[in-house]
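2 protein chains.
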Amino acid sequence: MDNFEFYSPTRFIFGKGRETEIGKFASRFGANRILMVYGGASAERSGLLNKVRAALKEAELPLFELGGVKPNPRSGLVYKGIDICRENGVDFVLAVGGGSVIDTAKAIAGGVPYDGDFWDFHIGKATMQSALPVGVILTIAAAGSEGSDGCVITNENGMHKRPGGSELLRPRFAILDPELTETLPPYQTACGVTDIMAHVLERYFTNTPDVETSDRLCEALLLTLVNEAPKVMRNPKDYQARANIMWTGSLAHSDIVGVGRAQDWSSHEIEHELSALYDCAHGAGLAVIFPAWMHFVLEHDVDRFYKLAVRVWGCETSEDRLSVAKEGVKRFTAFLRSLGMPTSFGELGAKEEDIPTLVENLFYERSGKIGQFVPLGRGECESIYRIAAKA
Amino acid sequence: MDNFEFYSPTRFIFGKGRETEIGKFASRFGANRILMVYGGASAERSGLLNKVRAALKEAELPLFELGGVKPNPRSGLVYKGIDICRENGVDFVLAVGGGSVIDTAKAIAGGVPYDGDFWDFHIGKATMQSALPVGVILTIAAAGSEGSDGCVITNENGMHKRPGGSELLRPRFAILDPELTETLPPYQTACGVTDIMAHVLERYFTNTPDVETSDRLCEALLLTLVNEAPKVMRNPKDYQARANIMWTGSLAHSDIVGVGRAQDWSSHEIEHELSALYDCAHGAGLAVIFPAWMHFVLEHDVDRFYKLAVRVWGCETSEDRLSVAKEGVKRFTAFLRSLGMPTSFGELGAKEEDIPTLVENLFYERSGKIGQFVPLGRGECESIYRIAAKA
Numbered sequence: 004m005d006n007f008e009f010y011s012p013t014r015f016i017f018g019k020g021r022e023t024e025i026g027k028f029a030s031r032f033g034a035n036r037i038l039m040v041y042g043g044a045s046a047e048r049s050g051l052l053n054k055v056r057a058a059l060k061e062a063e064l065p066l067f068e069l070g071g072v073k074p075n076p077r078s079g080l081v082y083k084g085i086d087i088c089r090e091n092g093v094d095f096v097l098a099v100g101g102g103s104v105i106d107t108a109k110a111i112a113g114g115v116p117y118d119g120d121f122w123d124f125h126i127g128k129a130t131m132q133s134a135l136p137v138g139v140i141l142t143i144a145a146a147g148s149e150g151s152d153g154c155v156i157t158n159e160n161g162m163h164k165r166p167g168g169s170e171l172l173r174p175r176f177a178i179l180d181p182e183l184t185e186t187l188p189p190y191q192t193a194c195g196v197t198d199i200m201a202h203v204l205e206r207y208f209t210n211t212p213d214v215e216t217s218d219r220l221c222e223a224l225l226l227t228l229v230n231e232a233p234k235v236m237r238n239p240k241d242y243q244a245r246a247n248i249m250w251t252g253s254l255a256h257s258d259i260v261g262v263g264r265a266q267d268w269s270s271h272e273i274e275h276e277l278s279a280l281y282d283c284a285h286g287a288g289l290a291v292i293f294p295a296w297m298h299f300v301l302e303h304d305v306d307r308f309y310k311l312a313v314r315v316w317g318c319e320t321s322e323d324r325l326s327v328a329k330e331g332v333k334r335f336t337a338f339l340r341s342l343g344m345p346t347s348f349g350e351l352g353a354k355e356e357d358i359p360t361l362v363e364n365l366f367y368e369r370s371g372k373i374g375q376f377v378p379l380g381r382g383e384c385e386s387i388y389r390i391a392a393k394a
Numbered sequence: 004m005d006n007f008e009f010y011s012p013t014r015f016i017f018g019k020g021r022e023t024e025i026g027k028f029a030s031r032f033g034a035n036r037i038l039m040v041y042g043g044a045s046a047e048r049s050g051l052l053n054k055v056r057a058a059l060k061e062a063e064l065p066l067f068e069l070g071g072v073k074p075n076p077r078s079g080l081v082y083k084g085i086d087i088c089r090e091n092g093v094d095f096v097l098a099v100g101g102g103s104v105i106d107t108a109k110a111i112a113g114g115v116p117y118d119g120d121f122w123d124f125h126i127g128k129a130t131m132q133s134a135l136p137v138g139v140i141l142t143i144a145a146a147g148s149e150g151s152d153g154c155v156i157t158n159e160n161g162m163h164k165r166p167g168g169s170e171l172l173r174p175r176f177a178i179l180d181p182e183l184t185e186t187l188p189p190y191q192t193a194c195g196v197t198d199i200m201a202h203v204l205e206r207y208f209t210n211t212p213d214v215e216t217s218d219r220l221c222e223a224l225l226l227t228l229v230n231e232a233p234k235v236m237r238n239p240k241d242y243q244a245r246a247n248i249m250w251t252g253s254l255a256h257s258d259i260v261g262v263g264r265a266q267d268w269s270s271h272e273i274e275h276e277l278s279a280l281y282d283c284a285h286g287a288g289l290a291v292i293f294p295a296w297m298h299f300v301l302e303h304d305v306d307r308f309y310k311l312a313v314r315v316w317g318c319e320t321s322e323d324r325l326s327v328a329k330e331g332v333k334r335f336t337a338f339l340r341s342l343g344m345p346t347s348f349g350e351l352g353a354k355e356e357d358i359p360t361l362v363e364n365l366f367y368e369r370s371g372k373i374g375q376f377v378p379l380g381r382g383e384c385e386s387i388y389r390i391a392a393k394a
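Protein sequence lines correspond, in order, to chains G and P.
Basically this note's numbering = 1-based index in the first sequence + 3.
Basically this note's numbering = 1-based index in the second sequence + 3.
Fair warning: there could be bad hints in the mix.
[Unchecked claim] A few chain P residues facing chain G, derived, Cβ under 7 angstroms: (1) Asn6; (2) Glu8; (3) Phe9; (4) Phe15; (5) Lys60; (6) Gln243; (7) Trp250; (8) Val362; (9) Phe366; (10) Tyr367.
Calculated directly from the structure, the hints in this document are not laboratory data.
Note that the coordinates shown come from a computational prediction; the quantities given were computed from them, not determined experimentally.
All residues carry an ideal CB built from backbone N, CA and C; glycine is no exception.
Using the sequences provided together with the hints, build the complete structure.
Have a look at this one:
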């Protein structure tokens with residue numbers, strides 16, 4: 004196990020109807036003037052935004068709004084949000100939505116007190132020194148941004164999607180009401196589950212030895228998803244399964260299951276170029292890329308793939324560890340398919356002829372390789388895109 | 004899953020040699036004048052206390068000291084510590100030790116700004132409104148107090164051992180250096196492992212339905228201990244196994260694996276009277292009481308015991324769920340024995356004729372039953388003591 008520091012001061016407020024307490028929590032966490040960031044139609048239609056507006060009015064907290072955040076959130080709205088905050092003396096950013104909304108809110112929160120371009124934080128040009136506090140009302144279990152210190156933004160100037168982050172961006176509170184996720188279309192629910200699984204797997208695949216605690220915790224979250232996800236696919240109103248998935252999503256990305264070990268994250272990087280170029284759902288892109296990545300790197304550490312196959316995918320133990328390891332990847336892929344996820348380039352709307360562009364974008368302004376488990380250069384990444392294209 | 008709030012703002016600083024950074028962390032968390040609370044001989048002998056003294060001197064932080072904390076920590080030292088803090092304008096309490104030291108430090112931290120008797124917080128007479136910040140350098144993986152909001156103190160006036168707690172008592176930081184635990188006697192190491200397991204099991208046994216996420220997380224921590232504990236019993240200098248156990252201990256009691264579900268805690272309550280009366284190690288007392296409690300309550304929810312037996316104790320699945328459930332308890336008891344733990348009254352130095360006194364003490368100043376999984380009155384608790392006495 005490696006040395007580490009872990010600090011997760013987010014207050015998780017979990018359960019049915021908890022979003023009605025937003026006024027109390029915003030006040031308790033020092034909000035005076037709030038910017039509410041959100042997506043669009045669904046939160047408006049469901050009445051959630053009006054509920055929040057009413058609660059904040061009741062708490063006498065002046066409210067400014069920035070709607071229209073889309074999946075794979077863009078830099079344009081971040082600049083707009085920073086302007087609104089500066090012009091109106093906003094001192095708290097409230098995200099009402101999923102990962103894209105939360106990431107936009109975080110990028111705004113970090114950008115407001117910074118003199119330069121917020122994009123500096125995404126290309127390693129600057130380290131964040133301060134940020135406005137962020138609060139969250141979550142509407143989809145997926146990105147885990149409500150409990151994480153990171154945010155991913157796509158720069159419209161070139162459509163590069165890059166992660167950024169700082170401990171300062173961990174939300175002060177996150178209200179998690181599983182009921183809010185009951186009306187999601189099945190495809191979005193499945194994309195969310197895939198994203199959560201991917202967050203665990205990016206941590207699971209490590210070369211750090213002797214990490215039994217976090218291995219077991221990773222497996223626990225995966226086993227939970229294997230058990231609970233089919234329930235919500237069958238019955239979207241299964242509150243209890245929604246609740247388990249939602250809490251798993253927050254834990255998966257809070258890093259509690261990833262400390263003390265090198266983490267990989269190359270599948271995420273490789274996927275980001277797909278969703279940046281085709282504007283496909285991040286979870287769907289991961290469903291295509293992760294199995295391809297697994298095929299490519301499996302022989303680097305058959306034992307780890309074997310362990311995952313036995314402990315999570317229920318494979319029988321065997322002396323033929325390679326076959327069991329491969330069977331695990333097969334079962335993982337079949338599980339994604341059972342959720343209705345695409346697992347090939349074609350299903351995603353991606354084109355084999357774009358692979359050189361994808362690789363070019365992936366290594367744009369990037370020095371060195373990506374990933375830790377098996378560091379990948381241009382050639383290796385191209386191979387992984389090609390495996391996905393042939394899947 | 005029940006509604007819940009989870010807030011764990013402790014900064015965990017994990018790894019070899021991290022205790023040398025104490026000056027930096029104490030300063031960062033606002034310490035100006037520090038009370039260092041510790042046990043005795045071993046921390047002095049190992050040179051740890053001198054290391055801390057030197058680091059705090061280097062950071063120019065005035066230091067006051069309170070040594071002599073013993074297992075099952077007493078109210079007397081708490082009063083003494085409160086006096087030292089008040090007389091010297093101490094604004095930060097640093098615990099260097101294990102659960103007893105940390106709990107003493109926490110009780111002092113809560114008592115200093117309170118006008119009444121700190122014991123009020125342990126008998127439900129008052130709710131804590133403020134507390135001095137607490138920091139920890141951990142020397143044994145066991146109580147998990149470094150990451151929890153509780154503390155257990157024994158009142159010398161009657162030898163009643165009672166838990167107290169407040170969110171305000173969560174340590175601001177906890178330095179976890181597994182190497183510091185390598186010199187512990189095997190018996191203490193084993194008591195620690197038993198205590199950690201008990202913290203997980205108190206959460207595991209619940210009547211709350213649909214708690215797959217936390218069930219799986221509990222099982223993950225138990226599986227880790229089953230894997231790692233024998234390694235340190237064989238080789239006390241196994242740093243990696245020590246590291247996994249230490250981090251498991253902090254997670255087990257931070258409540259991350261216990262949210263959203265009713266928790267039991269009757270075995271802890273029943274044990275507290277043993278360690279209060281005989282001054283035995285808490286972990287050893289738990290090794291005697293927990294299996295007895297399991298025998299007594301097993302038929303209340305055979306399915307839960309069956310699940311534990313299959314998932315953690317490696318029992319084969321079977322239609323005869325009751326036998327498998329019982330086999331699980333048997334394997335748990337055998338595991339405790341393999342660590343060198345006592346599993347009977349006699350081995351602990353407890354006497355059957357004291358059972359009426361134990362029951363009397365357990366229900367002293369207590370109204371109602373104890374526990375949640377199966378609420379227990381005087382008669383039921385007496386039965387559990389008798390099962391332990393006959394084990």
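Which hints from the list above does the structure break, by number from lowest to highest?
-> Numbers 5, 8, 9 and 10, in rising order.
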